[in-house]
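Between the sequences and the hints, there should be enough to build the whole structure, so can you do that?
Residue numbers (numbering that gives the first Met the number 0): 0 to 94.
A portion of the hints provided could be inaccurate.
What follows is a set of in silico ranges between Cβ atoms, one per label pair, in the way DEER data are often shown [unchecked claim]: (1) 15 x 94: 33 to 39 angstroms; (2) 51 x 11: 39 to 45 angstroms; (3) 74 x 50: 23 to 29 angstroms; (4) 15 x 57: 17 to 23 angstroms; (5) 15 x 38: 46 to 52 angstroms; (6) 86 x 36: 20 to 26 angstroms; (7) 9 x 71: 19 to 25 angstroms; (8) 86 x 57: 39 to 45 angstroms; (9) 67 x 11: 57 to 63 angstroms; (10) 7 x 64: 51 to 57 angstroms; (11) 73 x 9: 18 to 24 angstroms; (12) 65 x 9: 53 to 59 angstroms; (13) 49 x 73: 26 to 32 angstroms.
Honestly, the hints are just simulated from the structure, not real lab data. We put the beta carbon where it would ideally sit given N, CA and C, even for glycine.
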Amino acid sequence: MKKYLALVPILALAACATPQPAEPGIETPVLGEGGCDAEMLFYLVGQDINEIDVATLPQPRRIIPPGTAVTMDYRADRTNIELDDGDRVVRVYCG
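Structure representation (structure tokens):
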């Protein structure tokens, strides 16, 4: 038991250490890069999907009627447009 108590200060100090910098040549992804820019499509919320020229919306996109099964894979570049029972847009998000 005393051996484990001696480890507590060591672990506490290790938690305070600064992280190592990333290796050169490895890029860290930045939020917003390669994204779907769903913020620019928030104006669609409340509109009837049948009155929207869907061909003008960015690709890739996924229009999701209520009760539709969708894959759970995350794609930062894909725009998801959720509809309600009346075919009105209720949510626009990336994924």
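Original post:
Which hint numbers doesn't this structure obey?
Top reply: 2, 4, 5, 7, 8, 9, 11
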